[in-house]
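K.L.:
First to last, the protein sequences are chains Y and X.
Numbering-wise, the first sequence is residues 9 to 471 according to the numbering used here.
Numbering-wise, the second sequence is residues 9 to 471 according to the numbering used here.
Quick caveat, the hints were computed from the structure, so don't treat them as lab data.
There could be a bad hint or two in this list.
Copies of the same chain look alike in the list, so a pair counts if it works inside one copy or between any two.
To be verified - Pairs of lysine-lysine residues, derived as DSS-like cross-links and limited to a Cα-Cα distance of at most 30 Å, are as follows:
1. 388 / 204
2. 124 / 454
3. 218 / 274
4. 338 / 405
5. 12 / 124
6. 119 / 62
7. 70 / 12
8. 338 / 218
9. 169 / 454
10. 165 / 218
11. 119 / 405
12. 12 / 362
13. 315 / 165
14. 62 / 22
15. 62 / 204
16. 362 / 447
17. 12 / 65
18. 62 / 447
19. 119 / 410
20. 22 / 119
Number of protein chains: 2
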Amino acid sequence: MINKELEVFNEIAKALLTDEVENPISEVIPPNELHGKLSIELNEDAIPDPVFEKALKEIILKTPKTSSKLFFNQLFGGRQPKAVLGELLSVLLNNSMYTYKVGGPQVGVEKEIIKKSGELIEYGDNFGGTFAAGGSMSNFMAILMARDRADKGAIDKGVTKPLTAYTSAASHYSIPKNAAFAGIGRDQVRYIPTDKHGRMIPAELGKAIKEDIEAGNLPFFINATAGTTVLGAFDQIEAIADISEAHNIWLHVDGAYCGSVIFSEKYRHLIAGVNRANSFNYNAHKMLGVPLSCSVLLVKDKGDLYKSFSKEAAYLYQTDHEFDEFNLGKTSLQCGRRNDALKLWTLWKSVGRKGLGEVVNQQFHLADVTRDYLRANADKYSLYSFDDSISVCFNYKGVDPKELCTRLYEDNELLVGFGSFNGETFVRFVTINANNTDKEILNFFKVLEKTAEKMVKEQLVEV
Amino acid sequence: MINKELEVFNEIAKALLTDEVENPISEVIPPNELHGKLSIELNEDAIPDPVFEKALKEIILKTPKTSSKLFFNQLFGGRQPKAVLGELLSVLLNNSMYTYKVGGPQVGVEKEIIKKSGELIEYGDNFGGTFAAGGSMSNFMAILMARDRADKGAIDKGVTKPLTAYTSAASHYSIPKNAAFAGIGRDQVRYIPTDKHGRMIPAELGKAIKEDIEAGNLPFFINATAGTTVLGAFDQIEAIADISEAHNIWLHVDGAYCGSVIFSEKYRHLIAGVNRANSFNYNAHKMLGVPLSCSVLLVKDKGDLYKSFSKEAAYLYQTDHEFDEFNLGKTSLQCGRRNDALKLWTLWKSVGRKGLGEVVNQQFHLADVTRDYLRANADKYSLYSFDDSISVCFNYKGVDPKELCTRLYEDNELLVGFGSFNGETFVRFVTINANNTDKEILNFFKVLEKTAEKMVKEQLVEV
Chain Y
9 MINKELEVFN EIAKALLTDE VENPISEVIP PNELHGKLSI ELNEDAIPDP VFEKALKEII
69 LKTPKTSSKL FFNQLFGGRQ PKAVLGELLS VLLNNSMYTY KVGGPQVGVE KEIIKKSGEL
129 IEYGDNFGGT FAAGGSMSNF MAILMARDRA DKGAIDKGVT KPLTAYTSAA SHYSIPKNAA
189 FAGIGRDQVR YIPTDKHGRM IPAELGKAIK EDIEAGNLPF FINATAGTTV LGAFDQIEAI
249 ADISEAHNIW LHVDGAYCGS VIFSEKYRHL IAGVNRANSF NYNAHKMLGV PLSCSVLLVK
309 DKGDLYKSFS KEAAYLYQTD HEFDEFNLGK TSLQCGRRND ALKLWTLWKS VGRKGLGEVV
369 NQQFHLADVT RDYLRANADK YSLYSFDDSI SVCFNYKGVD PKELCTRLYE DNELLVGFGS
429 FNGETFVRFV TINANNTDKE ILNFFKVLEK TAEKMVKEQL VEV
Chain X
9 MINKELEVFN EIAKALLTDE VENPISEVIP PNELHGKLSI ELNEDAIPDP VFEKALKEII
69 LKTPKTSSKL FFNQLFGGRQ PKAVLGELLS VLLNNSMYTY KVGGPQVGVE KEIIKKSGEL
129 IEYGDNFGGT FAAGGSMSNF MAILMARDRA DKGAIDKGVT KPLTAYTSAA SHYSIPKNAA
189 FAGIGRDQVR YIPTDKHGRM IPAELGKAIK EDIEAGNLPF FINATAGTTV LGAFDQIEAI
249 ADISEAHNIW LHVDGAYCGS VIFSEKYRHL IAGVNRANSF NYNAHKMLGV PLSCSVLLVK
309 DKGDLYKSFS KEAAYLYQTD HEFDEFNLGK TSLQCGRRND ALKLWTLWKS VGRKGLGEVV
369 NQQFHLADVT RDYLRANADK YSLYSFDDSI SVCFNYKGVD PKELCTRLYE DNELLVGFGS
429 FNGETFVRFV TINANNTDKE ILNFFKVLEK TAEKMVKEQL VEV
C-alpha cells in the first residue's frame, strides 16, 4: 500500500539531490508571497495524486537547501549518508522509545550510544543518559536535575529556595529561557564575563558565587559551554570544575555545538575535565551531520535522571520489571518519544568512533584553511577568530556584516549569518559541513567577494 | 554520494514491508540477550558496508512492528502512506524551524496547518500555535503559559504564588510531571473525581477550586482531557469552561490522544466547547497515523505564546523583521526544532480535511465492531467500555488481564496492553490503526482467544 509513495519519494529525492548541485541556493520567496507562488493551502477535499505530487515537489525544491555547498548559516549543514539511512528507516519503523515492549532492539541501540559515549568521557560506573528533542531541552533537563538536587522539595512543593545559576555572557540563550521554565526565574541567572577568546573567566565565576552566598542566595547550577554560539569558544572546564566541586554546585557542560570533539583524539583535549561534570550533552545533528534532532544527554549519576524524570504510569510500564532500565520513558523529559538514536547508531556503526573523529577533524581543518585565507588577505579582511574554533568570524573591510549577509541571502548567492561579541559585529562563517573540502571554502570567499565588492562600489556612488 | 544509501534504504524497506505481513510480530528478544543475538555493539573502527548492512537489516526486522495488523499496544499504530512520504522528504531537507531564512516554505507549511486547525475549532482572530516534541511537551507549554499569566513575575523572579492546578483522576501523568518541571510542584495538582465513564465531574471541579481559594491558594490551570489514556473518555468541555471562565482560570484541552476528532463532522461534537479553551493540542501521530512525533498546540491568544517563549537571540534572528511571525523560534519551547509539519501537511493536502475525518471515523467504526463482538460473546467477556471511545476495555472471563497481555507478548502472538479504572483492571484494546478493517478486529479476538483458552486449561490443571 505504501509502495507507491516510496516511488514518489525516490523520484522527488532524486530531483532534490540533482537540484542541490545545480541550484545550491533556492530562490528566496518573501513570506507574504508564499501562498501566491506555491500551492501551500490546505482544503476540505482530496486532490488527485498528480496534482498533489506536483505541489509537493515544487515546495521541496523551493525550500532552503541545508545540505548544499553554499549553506553556512547555522550550526549544522551537510548530511552524512549513513545517518540519513538510519533516520529514513526509523521513520518506517515508527517506534516510541518509552518501553522495551514497543522499542525492542531500538532501546538497545539507544543504550549502546549512551554507554559508549559515557565511556569516551570516562564517566565512571554509574552514569546514565537519554536523548532530548534538541540542545535546549538537554540543557533544560540538566537545570531540572540540578534544581531538584539543591532544592529537595521542588518536585512536590515547587521552588522555594533562592537558587542562582551561572553561565558565561557568551552562552546559549536557552539557559535563561530554561531558568524561567523551571520556576527559578531569568533574573536568577548570572552572566559571567568572558576573556578575549569568549571563554568564561573562572575567577569571575568564583567571585559571583561568593557574592551570592553572602547575599543569602543558593548557587545550584553552573553551565560551561563547549562551543559558544558565536565564537565557538570552549570554556575551561577543569578550572570551572574546581569551583563547582569546592561549592558542591551542579556542573553542566553544554556541548550542543562542539561537544562531539569527544570523538576526536586530536581535539578531545578542548573539553578536558568533562568527566568531572554532573551532566554533558552533545548534538550529533550539529558536528556529526546527523539529521535533526539528535541531542545526547549524559548524566554522571543516573539516579539524578530517575529522581527528576521518573513517574509511575501503570497503563504504560507493563513488562520487564526485571529489566526496568530498558523502559526508557522513566528517564525521559516526555512520554512518547521518537527514535532519534538509530541515525547516530548507523553512522557510528559504519565508520567507527575513529570515523566520527575524522568528521570532527575535517571541520577544524576547514576552519584552519579559512583562517589562513583571511590572514593571507589581511588587506581585505579583519579576523576575529582564533585557533581551535570552527566558527570563523571576520569582516570584509568597509562593508557592514549585517547588510552583507542580508544581501547574499536576498540575491540568492549563499547563506551565512552574522554574530556579535564585545560590541563588534562580524560575519560568522561555520565550517561544520564535513563534506566540504578546501575548494568549497575558497569558493565561499569568491562568491562573497563578488557581492562585497559590488556593495563597496554602490557606497562610493551614493557618496 | 547518498545514492547508494538510498538504494540500501529501498532494499531494507522492501524487506520490512514484506516481513510486516508475513511475520507481523517480531520475535521477542529478552533485553539481556540483545547483544548476544544482534550486532548492536559500537566500535572504534569502521566496518565494511556489507557487514554493516547485514547487522542493520537484522536489527530492523527484529524491531517491534508498530504498523502491523497485530499491534494494538499503544495510542498509535499503522501508518498513513502520504504522511510517511512527507516525513521521508523532511529528513532529506533537514531544515530547522526557528527562522524563515532556514525554513523557508516549510514555515509556510507549518503556519498553514496552525491556521486551518484553529479555524476548525473556531478559535477567532487572534490565535497562534506551534509544534511540540510530543503531547507531554504541548501540555507543558500550556501549563507554562497559564503560570506566566497568573504569576506575572514568574518568568523573571521564579514562582512566588501558591498556584494550584486541576485535572481529572483519569488524565495523563504528564500533568503532575510538568507541574514539577514548571516549579509549581506535584502536590499543587488536584485530581478531580470522574464519573463512571471516566469523565471529570464538573461539580467536583468547582468544589475543589472553591476550597483552594478559601485556603489562600491561587487556581491557575484546568486541564480537560479529550481521550483519556485508559478509557478514551472525553471530558465535558462546555461545563468545565463555565467554571474556568467564572474564575478566570486558564483552560487547556489535552487532545493528544483524541483531539483529532476536530476533523470529523460526525465526532467533532465530542469536544464541543473547545473554542472556549485557552489552549488545545492534538497529536497527529496518534489518531491520524502520522509518523512520530507530530503534536500541534493551538493557543487562543498568540500573545501568550510570545510572552512565555520569546527570547531575543541576535545571532539567530537576523532577517524578516517585517515578517517576524515567520521566525517560528520565538514561539517555540526550544531553539533548533525539526520539521514535524510537512508529514501532516502531505497527508492533509492529499486527502483533504474530509479524508482526515474519514480516518477518524474508521477508528470509531472499528471500536463499534469490537463492542458488538464483545456483547455478542457476553458469555466469554465482560465489557468496560462505552460508546464514543476508541479504547475498548474488556476482560476474558477467568483470565487475569495482565497475565494475558504478557503471555500474548512473550508468545509472539500479538501486542496489546492493559489498563485500570476504579480498581478494575482489564485489557485495553485500541482501534487506532485506521488501515484495519473489521477482519483484523475479528482476527485479534481469534488470536487472543487461542491463548486465553490455553491459560484457562492450564489453570484447571494447576488446581
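K.L.:
It remains to establish, for every hint, whether it holds in the given structure.
P.N.:
Cross-check of the supplied hints:
no., hint, verdict
1, 388 / 204, "within (23 Å within a copy, 77 Å between copies)"
2, 124 / 454, "neither (42 Å within a copy, 44 Å between copies)"
3, 218 / 274, "neither (36 Å within a copy, 64 Å between copies)"
4, 338 / 405, "neither (54 Å within a copy, 33 Å between copies)"
5, 12 / 124, "between (39 Å within a copy, 28 Å between copies)"
6, 119 / 62, "between (41 Å within a copy, 20 Å between copies)"
7, 70 / 12, "both (24 Å within a copy, 25 Å between copies)"
8, 338 / 218, "neither (36 Å within a copy, 35 Å between copies)"
9, 169 / 454, "neither (56 Å within a copy, 58 Å between copies)"
10, 165 / 218, "both (28 Å within a copy, 20 Å between copies)"
11, 119 / 405, "neither (50 Å within a copy, 40 Å between copies)"
12, 12 / 362, "between (39 Å within a copy, 22 Å between copies)"
13, 315 / 165, "both (15 Å within a copy, 25 Å between copies)"
14, 62 / 22, "both (15 Å within a copy, 25 Å between copies)"
15, 62 / 204, "neither (52 Å within a copy, 51 Å between copies)"
16, 362 / 447, "within (24 Å within a copy, 52 Å between copies)"
17, 12 / 65, "both (15 Å within a copy, 22 Å between copies)"
18, 62 / 447, "neither (35 Å within a copy, 36 Å between copies)"
19, 119 / 410, "between (44 Å within a copy, 27 Å between copies)"
20, 22 / 119, "between (34 Å within a copy, 27 Å between copies)"
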